[in-house]
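There are 2 protein chains.
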Amino acid sequence: MQRALLASLASLLPLVRAVPWRNRQKASQISWFLGFQVVHDAHFLDSLKKNNKTWAAEDASLEKKLASLESKFGKKPNIIYILADDIGWGEMGWQGGGKHRGTPTEGLDKMAFDGIRFWSSYSEPSCTPSRIAIMTGRHPVRTGLLKVLWPGQTEGLSPEEFTIAEVLSTAGYHTAMWGKWHLGELPEHAPENQGFDYAYYGLFNGAPDNWPDSHDMQQSYPNPHRAMFYDFPGVEAYKEETGIDLSEAAFVGRRGQSRQKLGGAAGTLGPRRQEYFEKESIDQIIQYVQEKAKDERPFFIYWATYTQQLQGSAPQMHDPHVDPANAQASMMAAHSGYVDRLLATLRAEGIAENTLVVWFSDNGPMYAFFPNSGYSWLRGGKGTVLEGGVRVPAMAWWPGTIQPNQDPVDMIHLTDLYTTAARLGGALAHVPEDRVVDGVDQVPLLLLGEGHGRRSTMFHYSGSQLGAIRHKNFKIHLKESKGGLPGMDFYNVKRDPGEKYGEFYPGLFAVTPVQQTLQAHKRRMQEFPNRGEQDLTGSCPPHA
Amino acid sequence: MQRALLASLASLLPLVRAVPWRNRQKASQISWFLGFQVVHDAHFLDSLKKNNKTWAAEDASLEKKLASLESKFGKKPNIIYILADDIGWGEMGWQGGGKHRGTPTEGLDKMAFDGIRFWSSYSEPSCTPSRIAIMTGRHPVRTGLLKVLWPGQTEGLSPEEFTIAEVLSTAGYHTAMWGKWHLGELPEHAPENQGFDYAYYGLFNGAPDNWPDSHDMQQSYPNPHRAMFYDFPGVEAYKEETGIDLSEAAFVGRRGQSRQKLGGAAGTLGPRRQEYFEKESIDQIIQYVQEKAKDERPFFIYWATYTQQLQGSAPQMHDPHVDPANAQASMMAAHSGYVDRLLATLRAEGIAENTLVVWFSDNGPMYAFFPNSGYSWLRGGKGTVLEGGVRVPAMAWWPGTIQPNQDPVDMIHLTDLYTTAARLGGALAHVPEDRVVDGVDQVPLLLLGEGHGRRSTMFHYSGSQLGAIRHKNFKIHLKESKGGLPGMDFYNVKRDPGEKYGEFYPGLFAVTPVQQTLQAHKRRMQEFPNRGEQDLTGSCPPHA
Numbered sequence: 001m002q003r004a005l006l007a008s009l010a011s012l013l014p015l016v017r018a019v020p021w022r023n024r025q026k027a028s029q030i031s032w033f034l035g036f037q038v039v040h041d042a043h044f045l046d047s048l049k050k051n052n053k054t055w056a057a058e059d060a061s062l063e064k065k066l067a068s069l070e071s072k073f074g075k076k077p078n079i080i081y082i083l084a085d086d087i088g089w090g091e092m093g094w095q096g097g098g099k100h101r102g103t104p105t106e107g108l109d110k111m112a113f114d115g116i117r118f119w120s121s122y123s124e125p126s127c128t129p130s131r132i133a134i135m136t137g138r139h140p141v142r143t144g145l146l147k148v149l150w151p152g153q154t155e156g157l158s159p160e161e162f163t164i165a166e167v168l169s170t171a172g173y174h175t176a177m178w179g180k181w182h183l184g185e186l187p188e189h190a191p192e193n194q195g196f197d198y199a200y201y202g203l204f205n206g207a208p209d210n211w212p213d214s215h216d217m218q219q220s221y222p223n224p225h226r227a228m229f230y231d232f233p234g235v236e237a238y239k240e241e242t243g244i245d246l247s248e249a250a251f252v253g254r255r256g257q258s259r260q261k262l263g264g265a266a267g268t269l270g271p272r273r274q275e276y277f278e279k280e281s282i283d284q285i286i287q288y289v290q291e292k293a294k295d296e297r298p299f300f301i302y303w304a305t306y307t308q309q310l311q312g313s314a315p316q317m318h319d320p321h322v323d324p325a326n327a328q329a330s331m332m333a334a335h336s337g338y339v340d341r342l343l344a345t346l347r348a349e350g351i352a353e354n355t356l357v358v359w360f361s362d363n364g365p366m367y368a369f370f371p372n373s374g375y376s377w378l379r380g381g382k383g384t385v386l387e388g389g390v391r392v393p394a395m396a397w398w399p400g401t402i403q404p405n406q407d408p409v410d411m412i413h414l415t416d417l418y419t420t421a422a423r424l425g426g427a428l429a430h431v432p433e434d435r436v437v438d439g440v441d442q443v444p445l446l447l448l449g450e451g452h453g454r455r456s457t458m459f460h461y462s463g464s465q466l467g468a469i470r471h472k473n474f475k476i477h478l479k480e481s482k483g484g485l486p487g488m489d490f491y492n493v494k495r496d497p498g499e500k501y502g503e504f505y506p507g508l509f510a511v512t513p514v515q516q517t518l519q520a521h522k523r524r525m526q527e528f529p530n531r532g533e534q535d536l537t538g539s540c541p542p543h544a
Numbered sequence: 001m002q003r004a005l006l007a008s009l010a011s012l013l014p015l016v017r018a019v020p021w022r023n024r025q026k027a028s029q030i031s032w033f034l035g036f037q038v039v040h041d042a043h044f045l046d047s048l049k050k051n052n053k054t055w056a057a058e059d060a061s062l063e064k065k066l067a068s069l070e071s072k073f074g075k076k077p078n079i080i081y082i083l084a085d086d087i088g089w090g091e092m093g094w095q096g097g098g099k100h101r102g103t104p105t106e107g108l109d110k111m112a113f114d115g116i117r118f119w120s121s122y123s124e125p126s127c128t129p130s131r132i133a134i135m136t137g138r139h140p141v142r143t144g145l146l147k148v149l150w151p152g153q154t155e156g157l158s159p160e161e162f163t164i165a166e167v168l169s170t171a172g173y174h175t176a177m178w179g180k181w182h183l184g185e186l187p188e189h190a191p192e193n194q195g196f197d198y199a200y201y202g203l204f205n206g207a208p209d210n211w212p213d214s215h216d217m218q219q220s221y222p223n224p225h226r227a228m229f230y231d232f233p234g235v236e237a238y239k240e241e242t243g244i245d246l247s248e249a250a251f252v253g254r255r256g257q258s259r260q261k262l263g264g265a266a267g268t269l270g271p272r273r274q275e276y277f278e279k280e281s282i283d284q285i286i287q288y289v290q291e292k293a294k295d296e297r298p299f300f301i302y303w304a305t306y307t308q309q310l311q312g313s314a315p316q317m318h319d320p321h322v323d324p325a326n327a328q329a330s331m332m333a334a335h336s337g338y339v340d341r342l343l344a345t346l347r348a349e350g351i352a353e354n355t356l357v358v359w360f361s362d363n364g365p366m367y368a369f370f371p372n373s374g375y376s377w378l379r380g381g382k383g384t385v386l387e388g389g390v391r392v393p394a395m396a397w398w399p400g401t402i403q404p405n406q407d408p409v410d411m412i413h414l415t416d417l418y419t420t421a422a423r424l425g426g427a428l429a430h431v432p433e434d435r436v437v438d439g440v441d442q443v444p445l446l447l448l449g450e451g452h453g454r455r456s457t458m459f460h461y462s463g464s465q466l467g468a469i470r471h472k473n474f475k476i477h478l479k480e481s482k483g484g485l486p487g488m489d490f491y492n493v494k495r496d497p498g499e500k501y502g503e504f505y506p507g508l509f510a511v512t513p514v515q516q517t518l519q520a521h522k523r524r525m526q527e528f529p530n531r532g533e534q535d536l537t538g539s540c541p542p543h544a
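Going down the list, the sequences are from chains A and B.
Okay, so the first sequence: first residue is 1 according to UniProt numbering, each after it adds one.
Okay, so the second sequence: first residue is 1 according to UniProt numbering, each after it adds one.
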C-alpha cells in the first residue's frame with residue numbers, strides 16, 4: 001500500500017517540473033498540493049494555506065484510491081456531465097417537486113439517492129454564462145462573453161479558451177457532446193472546434209426549435225396554453241425579417257471536419273422537433289457508451305439537454321402521472337427516463353464503477369414561461385443573482401466509488417466540474433497556466449463526503465457586474481441595502497435561504513473578511529486580466 | 001382467510017344497530033362503508049358515493065390486515081401523535097432544511113425514510129386551532145373556539161367536544177399527553193378532564209416559559225439575539241400588571257383528580273425551563289411506553305412538543321452541527337434526538353410493529369421570532385391561509401405495517417388524525433353522531449400507500465372566516481383577486497405551491513365544482529350548527 005502511494009506520488013514528478021516559475025513559487029509556499037498547477041483565485045489560495053496539511057493528506061489517500069480504480073479498469077474514469085435547462089431548486093422529486101408538482105422524476109431521484117444530493121449547488125444566473133462556466137471552469141466575466149447569445153450574433157466562446165473537452169482530449173479521452181451548445185454560431189465557436197470529437201447540437205438558446213412555427217404550435221399545444229403563442233410570427237416571418245433561418249440551427253460536428261446541418265425530418269421545425277432531438281440524442285449516447293465501454297481510452301460526455309424549456313410537449317410523452325397540460329412537465333419526465341436508461345446502460349456494460357455522472361441545472365427557472373416553466377422554492381429566478389437564480393439542484397453518481405445516499409452541506413459551483421474532471425482525468429497539468437480558473441477540485445467532496453468540500457467563497461456575477469458574494473453562510477448583495485451599509489445587504493443564506501429577512505447584525509462581523517476577499521479577488525483580476533469582448537468575434541458570417 | 005374476513009365484518013354488526021336513523025339512512029344509500037358512523041362533510045360524502053365500491057373493497061382488506069395484527073399482539077395498535085410547534089414546510093432534513101439550515105434533524109429524517117414523508121399535509125393556520133383540530137377532528141369554527149388563546153382568557157375547549165382521547169378511552173385505551181395544551185386554562189378545559197388519564201402540560205401558548213424573565217433571558221441568550229428581549233418587562237412585571245403568575249402555568253393532571261402545579265425547580269421560569277420540561281417529558285414518555293408495552297390494553301400518547309419556539313436555547317443543547325446562535329435550531333435538534341429515543345424504545349420493547357407514530361407540525365413558521373423561528377419554502381407563515389401558513393411537514397411510521405420510504409402525493413389534514421385513530425382503535429362507533437367531523441379516515445393511505453388517500457377537498461378557515469378552499473390541485477383564495485372574478489383567486493398549488501402566479505384560465509373550469517362544494521359545505525353547517533362562543537366559558541376563575 002505504502003509503495004503504491006509512493007508510486008502514485010512519483011508519477012506526478014514530471015508534472016511538477018513542467019509547472020512554470022510563478023506557480024512553482026506558489027507551490028513552494030505550501031508543503032504539497034495536487035492542484036497547484038491550476039491558477040486559483042485568491043480566496044482559494046487562502047483556504048489552501050489554512051488547510052494545507054489536511055488537504056495534502058486527503059489528496060494522497062484519494063490518489064491511492066483512484067490509482068487502484070485505474071489499475072482495475074486499465075484507464076482513467078469516464079466522465080458524463082448532464083447540464084439541465086432552467087430547473088429550479090425544488091423541482092427534483094427528492095426536493096418535494098417531481099410528482100408532487102406533476103412532473104415525476106423517478107430516474108433522477110433514483111440517481112440522487114444512489115449518489116449525492118447537493119442542496120448547496122450553484123450555477124451562473126443564465127444559460128450561455130453557465131455553459132461557459134462548465135466548459136472553461138471560469139466565471140463568464142473572465143472570458144469576455146457575458147450574456148445570453150441570441151440568433152445572429154457573431155460573438156462566441158473564444159478559441160483561446162481551453163475547454164474541459166480540450167483538457168481531457170489532450171489527456172487521451174474520447175470526447176462527445178449532445179444538446180444545446182449556445183456558445184456561439186461561427187464554426188470557430190463550435191464544439192467540434194472546441195475539443196469535442198463528436199457533437200450533435202443546436203446552436204443557440206432553445207434551438208433546435210425554441211422558435212417554433214406558431215401555426216404548428218397552436219395546432220399542437222393543449223388548450224389553454226395555446227393562447228401563449230397567438231401572436232408568434234413563426235419561422236418564415238422571422239427569416240423574412242432577419243435573414244436567419246432558424247430551421248438550420250442544428251448540426252452534427254466531427255473534429256477536423258466541416259459540420260453538417262441536420263436536414264430532412266430532423267430539420268423541420270415544430271413543437272415535436274425538440275422531442276425527436278432529445279430522443280435521437282439519448283439513442284446516440286447509449287450507442288456511444290456501448291461502443292466506448294470496450295475502448296482502451298476513457299470517454300467524456302457533455303449532454304446539455306434541451307428538455308426543460310417551454311416547447312416540445314408532444315402528447316405521446318405524457319404519462320398518467322404527468323400534468324397533462326404542461327409541456328415542461330412532460331419533457332422533464334421524459335428526460336428523467338432517459339437518464340435512467342443511461343445509468344442502466346453503464347451498469348449493463350460493467351463500467352458504472354468507473355464512470356462519474358454529474359447532473360446539474362444551468363440556472364433557476366424561467367418564470368416568463370410559467371406555467372410551462374421551471375420552479376424554485378427560493379426567491380428570484382433565472383437572470384438574477386438571488387438564490388432562486390443561481391442555487392440549483394445537482395446530483396453526482398458513481399456506484400462503488402461515491403457512497404450512496406449522501407446530502408452534504410458543502411457548497412459546489414458549476415465551475416468546479418471543470419477542475420474536478422481535470423483531476424480525475426489526470427490532466428491538471430493540461431489546464432492553462434496563464435489565466436485564473438475559478439473551479440475548485442471537488443474530488444475530495446465526491447469521494448470522502450461531507451466536510452471535504454474545498455469551497456467557502458463564491459462570486460455571483462451578472463454580466464460584468466459582481467452582484468453578490470457568498471462567504472461561508474453569509475451572502476452579501478452588493479447593490480441593495482435594507483437599512484444597513486449602502487450597497488451591502490447581508491443574508492444568512494444557511495438560515496434564510498429564501499433571502500426573506502436579512503441578518504445585518506451578525507453579518508456585520510463578516511464585513512471585513514468579505515471586503516478583504518473582494519479586494520484580493522480584484523487584485524487577482526488585475527494580475528490576470530479578463531478577455532475583452534473584441535476577442536470574441538470571428539470573421540465568418542453567421543450560420544456558416 | 002375468507003372466514004376471518006366474515007368474522008371481522010360480523011363483529012361490526014352491533015355497531016350498525018347502534019347507529020341512529022339519520023346515519024343509517026345515509027349508510028343504506030351506499031353498499032358498505034366502514035366509516036358511516038361518522039357524520040362527514042358534504043364533499044366527503046360525494047367522494048364516498050363515487051368511490052363506494054373501491055373503498056368498501058379496500059376497507060375489507062384493511063380490516064383483515066388489522067385483525068391479523070390484533071390477533072398477533074392481543075390488542076389494538078398503540079397510537080402516538082407528536083404535534084410540533086411552528087415548523088414550516090421545508091425544515092425537515094429530507095426537505096432541504098435540517099442540517100442545511102443549521103438544524104440537524106437526523107432522528108426525524110430517519111423516521112421519515114423508514115415510513116411516509118408527507119409533502120401535502122395541512123394543518124390549521126395557528127396554534128390553538130390546530131390543537132382543536134387534532135383533538136376533535138373538527139375545524140375550530142365548529143367548536144366555537146376560533147383563535148389563539150392568551151393568558152387570562154376564560155374560554156377553552158368545550159367539555160361538550162369529544163376528544164380523540166375520550167374516543168380511545170371509551171374503547172379501552174390508556175391515554176396520556178405531554179407538552180403544550182393551549183386549549184383553555186380552566187380545569188374543565190384541561191386534558192385530565194378531556195379524556196387523558198395522565199397529562200404533564202403547560203397551559204397556554206409557549207408555557208411553561210414562553211414568557212421568560214427578561215433579565216434571565218438577557219443573561220443566557222447568545223449575543224446578538226439577546227437584543228430581542230431588551231425591553232421585555234419580565235414575569236414579575238407581568239404579574240403586577242395582570243395578576244397572572246406565569247410561573248404557575250404548568251401542571252400534572254390525572255383523570256378524576258385535581259391537577260397539581262409544577263413546583264420547585266420545575267416551577268422556576270427562565271430560558272432553560274423549557275429545556276428541562278422537554279427533557280422531563282421524553283423521560284416520562286419512555287418510562288410510560290416501557291410500562292404500557294406489557295399491558296393488556298393499548299395506549300394513546302399525544303405529545304405536543306414545545307421544542308420549536310423562540311425560547312429554550314441552553315448552551316448544553318448545542319451540538320457541533322447546530323447553528324450556535326440559534327435557539328430554535330438547538331431546540332429542534334434536541335427534539336429530533338428525543339423522537340429517535342422514543343422510536344428506539346418502541347423497537348426495544350418489541351411493540352414497534354403494533355404502534356403508529358405520526359409527527360405533524362401545528363402550522364407554518366412564526367417569522368416574528370426570526371431568526372429564532374421556523375421557516376418555509378412557501379409563501380406566508382403562521383396565521384395565514386397561504387400555503388406557508390397551513391402546509392406543513394408530516395411523517396408516519398409503523399414498521400412492518402407502513403411500507404418504508406413512501407412519499408405519496410395524497411393530501412392529508414390534521415383533522416384526519418382523529419378519524420384515523422378512531423378507526424385503528426376500533427372506536428368509530430364512539431365518535432359522536434350529532435356533529436360534523438371534518439377528519440377523513442386515512443388508514444387506507446397509511447397502509448395501502450399512494451393513491452389511497454380519501455381527501456380531495458379542504459377548507460382553510462381563519463377564525464370564523466373561510467379564507468380558502470383546496471379542491472384537487474386548485475386552491476381558491478376567497479378574499480383576493482388578481483384581475484379575475486371578484487373574491488376568487490385561483491392557484492394551481494400542485495404546479496405552483498408557492499402561490500406565486502395564479503392560474504386563472506384553467507382554474508375557471510373549477511369555479512362550478514368549487515362553488516357547489518362551498519354551498520354543500522354551508523348547507524351541512526346549517527344542518528349541524530357551529531357551537532357558539534358563549535358555550536366555551538366556564539364559571540371558575542383562571543388558574544384554578
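Any given hint could be a false lead.
Identical chains share a label here; the pair holds if one copy fits it or two copies do between them.
[To be verified] When the alpha-carbon atoms are kept at most 20 Å apart in a straight line, the in silico SDA-like pairs for lysine to any residue are as follows: (1) Lys110 to Gln403; (2) Lys522 to Ala344; (3) Lys147 to Ala368; (4) Lys500 to Gly383; (5) Lys294 to Ala171; (6) Lys500 to Arg379.
Bear in mind the hints are in silico, worked out from the structure with no lab data behind them.
Structure-based check of each hint:
1. Taking the shortest Cα distances, Lys110 and Gln403 sit within 20 Å of each other both inside one copy (14 Å) and across copies (18 Å).
2. Neither within a single protomer nor between protomers do Lys522 and Ala344 lie at most 20 Å apart by alpha-carbon distance, with minima of 46 Å and 54 Å respectively.
3. In this homomeric assembly, Lys147 and Ala368 come within 20 Å of each other (Cα to Cα) only inside a single copy, at 18 Å, whereas the closest approach across copies is 40 Å.
4. Taking the closest pair of Cα atoms, Lys500 and Gly383 come within 20 Å of each other both inside a single copy (19 Å) and across two copies (17 Å).
5. When the C-alpha separation of Lys294 and Ala171 is checked against a cutoff of 20 Å, the pair qualifies only within one copy, where the shortest distance is 18 Å, while the shortest distance between copies is 68 Å.
6. For the identical chains of this complex, Lys500 and Arg379 are neighbours both inside a copy (8 Å) and across copies (10 Å), given an alpha-carbon limit of 20 Å.
The structure fails to meet hint 2 from the earlier list, while all remaining hints are met.
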